[in-house]
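Chains as they are written, first to last, in my numbering: chain A, 250 to 322; chain B, 4 to 362.
Read the hints as simulated data drawn from the structure, not as lab findings.
As the structure is a prediction and not an experimental result, all values here were calculated from the model.
Possibly wrong hints are sitting among the right ones.
Below 25 Å or equal to it, Euclidean Cα-Cα: the simulated DSS-like pairs (lysine-lysine) are [what the hints assert, rightly or not]:
| hint | chain 1 | residue 1 | chain 2 | residue 2 |
| --- | --- | --- | --- | --- |
| 1 | A | 319 | B | 286 |
| 2 | B | 72 | B | 45 |
| 3 | A | 319 | B | 114 |
| 4 | B | 282 | A | 319 |
Just a few of them, taken from the derived set where beta-carbon distance is under 10 Å, the chain A residues facing chain B [as the list claims (entries may be wrong)]:
| hint | residue |
| --- | --- |
| 5 | 260 |
| 6 | 264 |
| 7 | 274 |
| 8 | 277 |
| 9 | 279 |
| 10 | 282 |
| 11 | 285 |
| 12 | 287 |
| 13 | 289 |
In this text, a Cβ means the ideal position worked out from N, Cα and C, and glycines have one as well.
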Amino acid sequence: MDQFYERLAVVIEEDSVKPDDVLSSFEQWDSLTALSVIAMIEEHYAVNVSGEDLAEARTAGALEAFVAGKRTK
Amino acid sequence: MNFSFTNKRIAGVLTVLPANERTFMEDMKDFDFPEAKSLKLKTVMGYDKHRIVKNDQTCVSDLAVHGFKHLFERGVLKPDDLDALVVITQSPDYYMPASSNVIQGRLELKKDMLCLDISQGCAGFIVGLMQAFMMLDQASIKKVAVVNADVLSRKVSRKDKNSFPLIGDAACITIVEKADDGQTIHANLKMDGTGHEVLMIPAGGFRMPSTAQTAVLEDVGDNNFRAKDNLTMNGTAVFNFVQVEVPPMIEALLQQAELSADNVDYFMFHQPNKFMLNKLADKMKVPRDRMPANIVENFGNASGATIPTNITFNLAEQLTAGSKKLCMAGFGVGLTWASLVMQVGPLAFCEMIDYQETA
Chain A
250 MDQFYERLAV VIEEDSVKPD DVLSSFEQWD SLTALSVIAM IEEHYAVNVS GEDLAEARTA
310 GALEAFVAGK RTK
Chain B
4 MNFSFTNKRI AGVLTVLPAN ERTFMEDMKD FDFPEAKSLK LKTVMGYDKH RIVKNDQTCV
64 SDLAVHGFKH LFERGVLKPD DLDALVVITQ SPDYYMPASS NVIQGRLELK KDMLCLDISQ
124 GCAGFIVGLM QAFMMLDQAS IKKVAVVNAD VLSRKVSRKD KNSFPLIGDA ACITIVEKAD
184 DGQTIHANLK MDGTGHEVLM IPAGGFRMPS TAQTAVLEDV GDNNFRAKDN LTMNGTAVFN
244 FVQVEVPPMI EALLQQAELS ADNVDYFMFH QPNKFMLNKL ADKMKVPRDR MPANIVENFG
304 NASGATIPTN ITFNLAEQLT AGSKKLCMAG FGVGLTWASL VMQVGPLAFC EMIDYQETA
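Okay, chain A solo, but in the shape it has when bound:
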């Protein structure tokens, strides 16, 4: 999961993102940013994430774990 947090930070328009950060707490978080995160994950990690998956993950770390889990399947 090379560069996951760096890529996430670019999409969310933050300098850095840490595993414990709650996604919906970011200033720029909105439906478009959520879609952009889904698109970023698809492009770089070839994993399909639904809106529900994203909401359930809640934190950046949980999202990273979800994507990593799907990749190893």
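Since the structure of chain A is provided, determine the placement of chain B on it from the hints.
Just chain B now, with coordinates in the frame of chain A:
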């Protein structure tokens, strides 16, 4: 409801696009939206460039007449062979008469002809084909021109980032004729008029005539500005409707036709945006390369013209040289969702041309 037709074929498809191209980077300048967010929109939705008329005098009949003249000059269609002209549009030249009559007159086509306008949008290619197939059951009708044409960019606010970056203008001419190949064409269609406000142009009809007030841009939230005269789309409602209704519709169609998804060479769907189509393909477990999604990024979404544009842009070589099993589907205004599966090709013509506006 289900439909079936026998011994009909598509003879050729032509797409006419306004030569005027606009890029999303230009569109962005009119939005009241941070640049970083606009660029996200571009990436996610797959916006890049689109073809729209630049002149507010350019009409559906201008694009269509240009296309017919091209076909007559190329010798792939004879004017006298046409027995019916079906025009599917929601941006007609006039309230009255019908745009099909305007086109018939401008081309000086024969009088022994049935001209018919249909008010349909994104499902307009399927509805038009079905109408043409029904007409071809008459002995006197041997060849029908189905014209899907719209210049709806003229009704979209440039400050509405929900609709402007994706809108396109185009006219497509599809020639449909009798065949003796014994092929049964399967189709299905459903409508839900309780959703008639999901996609609409509120003012300008008889319910709410256009006035100075209806032309005023209003802040409609989410940094978008549009007037009552403009096209409005509830994007979330459309997205949800498509994801819920389209996969079961295709499943039912294939069942009716006794086909599996593997028997279909290409899923040629209406083109709302890349994101929505890729999600549909994933949901239907169809490989994305068998459901092209590149029309909005290249030309924009020209309502009922997107399926024939998709065919001429992506399958021209394959369909002039040979034949493919196509599953086509349109979904949108009405609400309407319709699909059709048939063998298409070899076609006498399958091409795209530009229309240069004079002024």
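Each hint, compared with the structure:
1. Between residue 319 of chain A and residue 286 of chain B the alpha-carbon distance is near 17 Å, which keeps this suggested pair within the 25 Å criterion.
2. A C-alpha spacing of about 36 Å is found between residue 72 of chain B and residue 45 of chain B, which places the hinted pair above 25 Å, so the restraint is violated.
3. Straight-line distance between C-alpha atoms of residue 319 of chain A and residue 114 of chain B comes to about 64 Å, which puts the hinted pair past the 25 Å bound.
4. Proposed proximity of residue 282 of chain B and residue 319 of chain A is supported: the alpha carbons are some 18 Å apart, at most 25 Å.
5. Interface restraint check for residue 260 of chain A: the shortest CB-CB distance to chain B comes to about 7 Å, inside 10 Å, so the restraint holds.
6. Given hint, residue 264 of chain A at the interface with chain B, is violated; its Cβ is 14 Å from that chain's nearest Cβ, farther than 10 Å.
7. Of the supplied interface hints, the one on residue 274 of chain A is violated, with its beta-carbon coming no nearer than about 18 Å to a beta-carbon of chain B, more than 10 Å.
8. Interface restraint check for residue 277 of chain A: the shortest CB-CB distance to chain B comes to about 8 Å, inside 10 Å, so the restraint holds.
9. Residue-level restraint check for residue 279 of chain A holds (minimum Cβ-Cβ distance to chain B is 8 Å; threshold 10 Å).
10. About 7 Å separates the beta-carbon of residue 282 of chain A from the nearest beta-carbon of chain B, less than 10 Å, and the hint is met.
11. Taking 10 Å as the C-beta contact cut-off toward chain B, the hint placing residue 285 of chain A at the interface holds, the least distance being around 5 Å.
12. Given hint, residue 287 of chain A at the interface with chain B, holds; its Cβ is 8 Å from that chain's nearest Cβ, closer than 10 Å.
13. Annotation: interface hint on residue 289 of chain A holds; nearest CB of chain B at approximately 9 Å, less than 10 Å.
Violated hints for the displayed structure, listed by number in ascending order: 2, 3, 6, 7.
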